[in-house]
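These protein sequence lines map, in sequence, to chains A and B. Using our numbering, read the first sequence as starting at 1 and increasing by one per residue. Using our numbering, read the second sequence as starting at 1 and increasing by one per residue.
It should be emphasised that the hints constitute simulated quantities derived from the structure, not laboratory data. Since we're looking at a predicted model, the values are computed, not measured. A couple of the hints might just be wrong.
[What the hints assert, rightly or not] Below, simulated DSS-like cross-link-like pairs (lysine-lysine); rule was C-alpha separation at most 30 Å, straight line:
| hint | chain 1 | residue 1 | chain 2 | residue 2 |
| --- | --- | --- | --- | --- |
| 1 | A | K15 | B | K286 |
| 2 | A | K82 | B | K101 |
| 3 | B | K304 | B | K211 |
| 4 | B | K26 | A | K82 |
| 5 | A | K82 | B | K124 |
| 6 | B | K304 | B | K315 |
| 7 | B | K124 | A | K15 |
| 8 | A | K7 | B | K187 |
| 9 | A | K27 | B | K166 |
| 10 | A | K7 | B | K166 |
| 11 | B | K315 | B | K22 |
| 12 | B | K26 | B | K211 |
| 13 | A | K15 | B | K100 |
| 14 | A | K15 | B | K101 |
| 15 | B | K139 | B | K232 |
| 16 | A | K91 | A | K27 |
| 17 | A | K27 | B | K100 |
| 18 | B | K22 | A | K15 |
| 19 | A | K15 | B | K26 |
| 20 | A | K27 | B | K160 |
| 21 | B | K170 | A | K15 |
| 22 | A | K7 | B | K100 |
| 23 | B | K101 | A | K27 |
| 24 | B | K43 | B | K187 |
| 25 | B | K172 | A | K27 |
| 26 | B | K124 | A | K7 |
| 27 | A | K15 | A | K27 |
| 28 | A | K91 | B | K286 |
| 29 | B | K22 | A | K82 |
| 30 | B | K101 | A | K3 |
| 31 | B | K124 | A | K27 |
| 32 | A | K7 | B | K22 |
| 33 | B | K100 | A | K91 |
| 34 | A | K27 | B | K170 |
| 35 | A | K3 | B | K100 |
| 36 | B | K166 | A | K91 |
| 37 | A | K91 | B | K43 |
| 38 | B | K101 | B | K211 |
Next come the chains, spelled out residue by residue.
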Amino acid sequence: MTKVYSKSPDVVFRKIADEFVLVPIRKNAADLESIYALNEVGGRIWELIDGHRTTVEIHKTIADEFDVTPDEAEEDLQNFVKSLAETGSIKES
Amino acid sequence: MERVHSVPQETYTAFSNSIHSKVLEKNIPIDGTIELTQRCNLKCVQCYCCHDPSKRELSYDEICRILDEIAEAGCLWLLITGGEPLLRPDFLDIYMYAKKKGFLITLFTNATLVTPEILDHLSKYPPFSIEVSVYGATKEIYEKITGVTGSFESCMAGIKLILDRKLPLKLKTMAMALNHHEVSQMKEWSEGMGIEFRFDAMLHPKLTGLKDPWDVRLSPEDAVALDGSDQKKLDAWREVCKHPWEPSQNGRLFTCGAGKNSFHIDPYGYLRPCDMMRTFSYDLRKHSFREAWVEMCSAVSVEKAPGDYKCRGCKMTFICNQCPGWGFLENGDIYSISENMCDVAQLRARKFGAGSGNTKGGMSNEEEILSKAQR
Ligand code: SF4
Ligand code: SF4
Ligand code: SF4
Chain A
1 MTKVYSKSPD VVFRKIADEF VLVPIRKNAA DLESIYALNE VGGRIWELID GHRTTVEIHK
61 TIADEFDVTP DEAEEDLQNF VKSLAETGSI KES
Chain B
1 MERVHSVPQE TYTAFSNSIH SKVLEKNIPI DGTIELTQRC NLKCVQCYCC HDPSKRELSY
61 DEICRILDEI AEAGCLWLLI TGGEPLLRPD FLDIYMYAKK KGFLITLFTN ATLVTPEILD
121 HLSKYPPFSI EVSVYGATKE IYEKITGVTG SFESCMAGIK LILDRKLPLK LKTMAMALNH
181 HEVSQMKEWS EGMGIEFRFD AMLHPKLTGL KDPWDVRLSP EDAVALDGSD QKKLDAWREV
241 CKHPWEPSQN GRLFTCGAGK NSFHIDPYGY LRPCDMMRTF SYDLRKHSFR EAWVEMCSAV
301 SVEKAPGDYK CRGCKMTFIC NQCPGWGFLE NGDIYSISEN MCDVAQLRAR KFGAGSGNTK
361 GGMSNEEEIL SKAQR
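Using the sequences and the accompanying hints, generate a full structural model.
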């Protein structure tokens with residue numbers, strides 16, 4: 001599956017110490033009542049989503065950089081992208 | 001990806017605790033306060049703010065630079081306060097700038113100056129929380145404290161506007177001699193609308209050290225009795241008393257997050273460990289936040305409780321709010337204690353079941369407090 005996603009300008013990514021937090025700043029843009037904590041892989045995926053890279057490229061980078069099998073990386077990526085899209089934090093471009 | 005705020009609340013609390021514990025030893029300034037002004041449209045009798053017209057408040061550009069720097073340094077929770085922050089004509093610009101940096105913003109306001117225009121923005125870009133101080137349940141008491149005719153109506157109208165927009169509001173009051181008989185009424189009114197309410201009776205001197213607020217301060221007995229008359233506070237204190245923790249043995253004067261994970265910036269650009277500690281101060285017009293923060297952290301961390309520090313080893317530490325900030329504001333000395341705080345702690349211990357107040361740590365004893373009260 002090759003898709004390209006871009007980030008919503010209404011969600012701010014914060015990296016604090018080794019923690020990753022997504023803060024939606026605008027009502028309606030996402031589920032504003034929430035903030036989200038990301039794990040390390042999630043944080044890296046977020047950094048890699050830039051409106052140009054394809055999910056295939058992102059998958060490759062994740063599988064290279066983290067100690068996961070390609071299948072695990074695929075699953076992490078799918079799930080994460082799905083929840084980001086559901087909250088309106090990213091959209092397909 | 002884990003959703004951590006605000007449903008369910010436990011998830012958020014767990015997130016907050018977890019991130020705080022992770023940054024604790026790293027000196028990351030995760031909790032910040034920025035006071036936009038010390039000016040206010042009200043003139044509350046107990047107010048500790050002291051606007052100094054000879055000093056120049058930070059400009060919008062200066063504030064934006066500081067917000068960039070504190071975000072970079074790891075600040076996540078940001079309190080925007082005053083004085084009355086809405087008095088600044090550029091309040092909305094500052095708020096929006098902070099919002100876009102991804103801070104979780106708490107706004108303290110007296111609500112008298114909120115307008116539909118301000119709330120339009122806040123509805124679109126909501127704060128994490130808005131906290132409004134209410135000084136009385138009736139116009140008479142409220143305005144006796146604020147000193148401004150018509151301020152009660154403005155405050156009520158402001159609260160209504162905030163509620164109409166369904167913004168995350170909390171109400172609170174400073175309990176003092178003028179309004180303590182109305183605290184339960186304020187609480188019922190607030191909780192009746194489904195809004196969290198809290199009160200605090202510990203009034204401290206003005207930031208200049210002037211003791212004027214003490215004219216209306218509750219006696220230790222009345223302050224503790226007020227806590228005891230509130231079921232929620234009573235339960236909370238009893239719970240605290242069931243799990244007393246031992247005083248820390250590390251000898252550090254500061255046992256809180258000030259200058260470790262939290263900081264305060266005043267309207268004139270001075271960085272400090274907290275709003276009460278005016279001794280350590282670093283001019284952010286001359287230094288970057290990072291430089292000033294590093295210097296402040298090391299200055300705070302080397303402060304040791306002196307050998308004759310009264311609280312050293314005191315078993316009541318867990319029920320006492322004494323800290324160097326209070327010592328400083330009350331006596332101009334961070335190594336001194338607030339006698340009033342000490343009396344309150346002793347009475348709390350007695351009333352809420354932490355055993356009899358022992359005199360370890362140099363506390364004044366019960367008889368002394370009671371006899372003082374009778375004088
Ligand atoms: S509303 Fe707050 S800042 Fe204003 S005078 Fe009262 S206590 Fe002071
Ligand atoms: S009760 Fe008194 S001696 Fe003990 S910690 Fe509090 S102020 Fe210090
Ligand atoms: S008031 Fe006291 S306890 Fe609070 S931050 Fe300041 S020094 Fe610490």
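Next item on the list: Take the C-alpha atoms of A:K7 and B:K100, compute the straight-line distance between them, and say whether it is at most 30 Å.
Entry: holds (14 Å)
Check: Are the Cα atoms of A:K15 and B:K100 separated by 30 Å or less?
Finding: Roughly 15 Å separates the two Cα atoms, so the pair holds.
Check: Hey, A:K82 versus B:K101, does the alpha-carbon distance stay inside 30 Å?
Finding: holds (25 Å)
Notebook entry, point to check: Hey, A:K82 versus B:K124, does the alpha-carbon distance stay inside 30 Å?
Noted result: At roughly 25 Å apart (the allowed maximum being 30 Å), B:K124 and A:K82 satisfy the hint.
Next item on the list: Would you mind confirming whether the straight-line C-alpha gap from B:K170 to A:K15 stays at or under 30 Å?
Entry: Status holds; Cα separation ~29 Å.
Notebook entry, point to check: Would the pair B:K26 and B:K211 pass a check requiring their Cα atoms to be no farther apart than 30 Å?
Noted result: Roughly 37 Å separates the two Cα atoms, so the pair is violated.
Notebook entry, point to check: Does the structure keep B:K101 and A:K27 at a Cα separation of 30 Å or less?
Noted result: It holds: about 16 Å lies between the C-alpha atoms, which stays within 30 Å.
Margin query: Against the 30 Å threshold, does the CA-CA distance of B:K304 and B:K211 hold or violate the hint?
Written below: OK: B:K304 and B:K211 at ~27 Å, within 30 Å.
Next item on the list: Starting from A:K15, check that the Cα of B:K286 is at most 30 Å away, please.
Entry: holds (27 Å)
Check: Keeping to a limit of 30 Å between CA atoms, is the pair of A:K91 and B:K43 held or broken?
Finding: Not satisfied, since the Cα-Cα distance of roughly 50 Å exceeds 30 Å.
Check: Do the alpha carbons of B:K124 and A:K15 lie within 30 Å of each other, as the hint requires?
Finding: holds (24 Å)
Notebook entry, point to check: Taking only the CA atoms, is the gap from B:K101 to A:K3 under or equal to 30 Å?
Noted result: holds (28 Å)
The structure fails to meet hints 4, 8, 12, 28, 37, 38 from the earlier list, while all remaining hints are met.
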